[in-house]
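Here the structure of chain G is known, so what remains is to put chain E in place on it, guided by the hints.
2 protein chains.
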Amino acid sequence: MQAENKVPLYESERIDDLLTHNMKIIQSREVFCFSLDAVLLARFASVPKRGRVMDLCTGNGAIPLIMSTRSNEAVFEGLEIQPRLYDMARRNVLINGLESRITMHHGDVKEAVSRFGHGAFDLITCNPPYMPAASGEQNLNEHYAIARHEILLNLEDVIRVSSQLAKNGGKIALVHRATRLIDIVTLMRQYGIEPKRMRFVHPKRDAEPNIVLIEGMRGGKPELRIQPPLIVYEAEEVYCDELQEVYYGKRDSLA
Amino acid sequence: MQAENKVPLYESERIDDLLTHNMKIIQSREVFCFSLDAVLLARFASVPKRGRVMDLCTGNGAIPLIMSTRSNEAVFEGLEIQPRLYDMARRNVLINGLESRITMHHGDVKEAVSRFGHGAFDLITCNPPYMPAASGEQNLNEHYAIARHEILLNLEDVIRVSSQLAKNGGKIALVHRATRLIDIVTLMRQYGIEPKRMRFVHPKRDAEPNIVLIEGMRGGKPELRIQPPLIVYEAEEVYCDELQEVYYGKRDSLA
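Residue numbers (numbering that gives the first Met the number 0), protein chains in the order written: chain G, 0 to 254; chain E, 0 to 254.
Since the hints were derived computationally from the structure, they do not count as laboratory data.
This structure is a prediction, so every number in the text was calculated from the model and none was measured.
We treat Cβ as the ideally placed atom computed from N, Cα and C, and that holds for glycine.
Just to be clear, a hint being listed does not mean it is correct.
As the list claims (entries may be wrong) - For each label pair, taking beta carbons as the anchor points, the in silico distance ranges come out as:
1) Q243(G) <-> G106(E): 55 to 61 Å
2) Y9(G) <-> P221(E): 48 to 54 Å
3) E29(E) <-> Y232(G): 47 to 53 Å
4) Y143(G) <-> P221(E): 21 to 27 Å
5) H20(E) <-> Q243(G): 29 to 35 Å
6) K5(E) <-> E222(G): 44 to 50 Å
7) E207(G) <-> E141(E): 55 to 61 Å
Just chain G, same shape as in the assembly:
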């Protein structure tokens, strides 16, 4: 990776493997690390062959980085409100030499429609904050708090803005806690997005799912497909075959 030398690293940051296609990612435990949920969403979403893809709340940019490996002609963008994370995402594009494919933007999701226009994207992805603003778990530093809690953005904001940014027939793919499923699907319908595909992620076989992957289509017709469950750990600390294939590059999609 020649590009690595040109990209500055700041205190507390490190370069990790993104575990696919020899990609690298700058992270910092002090402010943000990408999670398995981001990897799952990047593999689950219906990435178009060509067209324009936007990842809201992109953090350090893991989702656009991974999605870029799934399409040769689509272009990818990410939007992040926290300057420190936005800067990390921007450098993650450089470090992988993907400036021609991925553009990172600094700003507020709630201003995205006036900035990018109605119907500008073929796919919107988002791994939003999962927890209510005032929940008890909120004893974190500010960076983590904003990424995890609905402080600056709630679920309705994400779905409303996604619907406005997507073109008619465009897709909106989210990852969220399974307990929020009813809110997600009713808000999607309220904003003209028909849920079309869903997959539950179970920490292990015969456990309840903790995470749901869901994709809707703007203006789509009702008919939901529920995919087989994704079991993360087949045995203790052993990823299931499907995730091993994702991580070791033999498989590009969870669709």
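Quick look at chain E alone, frame taken from chain G:
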């Protein structure tokens, strides 16, 4: 079964084992046979310790018969619009000597609220017609057509009436095709029923689910629990352990 002798059987009818608690059930391939879906719903629903339970579209009454084994003090009712099925359901109560626990009614679900009153029940169950009225599969005899297609009753009718019949805090449990999930949950919310518990039924491991079991609470707070998947066949023609236990009486509930 002493009662069997007193209950008439008509042409084409036969007495089958209900496969639990030595119960018997009159069926006829000409008009209606209960399905695995009915058994699953009867095991999935939160049957109250005491109180009043109504099964809409009860057919030959399999669901109240099975639910009656799960509670000693609750009373069960069934409502069926087809006279021939209603009469079968009535005789199925007699044949099992359950007249003190189960009452069958003949009539239209759409008139149930004026007949039974608002908020009369602690639990409403329904295994409704799955298919649209005008779907291509409708080359059946009239009895099967009414039981399987939304000819006399559609999903919105079922959910609206269930909401009116249930007391505040009461439960509504349905079984339906998984492809209709979004309609079910949005209609539930529209009529004041919060989906609280859901379970997907997969024909086999790693297959997509074809059936969903879902229970909501009238006036409940949002927070969905999704149970582990129910895999019907672990191997060809071999029910999974959980269903074997249900059928052989070692287990009463799928909750």
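H20(E) and Q243(G), beta-carbon distance inside 29 to 35 Å? At roughly 46 Å between Cβ atoms, Q243(G) and H20(E) fall outside 29 to 35 Å, so the hint is violated.
Okay, Q243(G) versus G106(E) on CB: inside 55 to 61 Å? Since Q243(G) and G106(E) have Cβ atoms about 57 Å apart, the given range 55 to 61 Å holds.
For the pair E29(E) and Y232(G), does the Cβ-Cβ distance stay inside 47 to 53 Å? The hinted range 47 to 53 Å holds for E29(E) and Y232(G), with Cβ atoms some 50 Å apart.
C-beta pair E207(G), E141(E): status relative to the range 55 to 61 Å that was hinted: 42 Å Cβ-Cβ, so the 55 to 61 Å window is violated.
Return holds or violated for the Cβ distance of Y9(G) and P221(E) against the range 48 to 54 Å. Since the Cβ atoms of Y9(G) and P221(E) sit about 41 Å apart, the hinted range of 48 to 54 Å is violated.
So does K5(E) sit 44 to 50 Å from E222(G), Cβ to Cβ? Given about 49 Å between the Cβ atoms, the range holds.
Tell me if the beta carbons of Y143(G) and P221(E) are separated by a distance inside 21 to 27 Å. The hinted range 21 to 27 Å holds for Y143(G) and P221(E), with Cβ atoms some 25 Å apart.
Checked against the numbered hints given earlier, this structure breaks hints 2, 5, 7; the rest are met.
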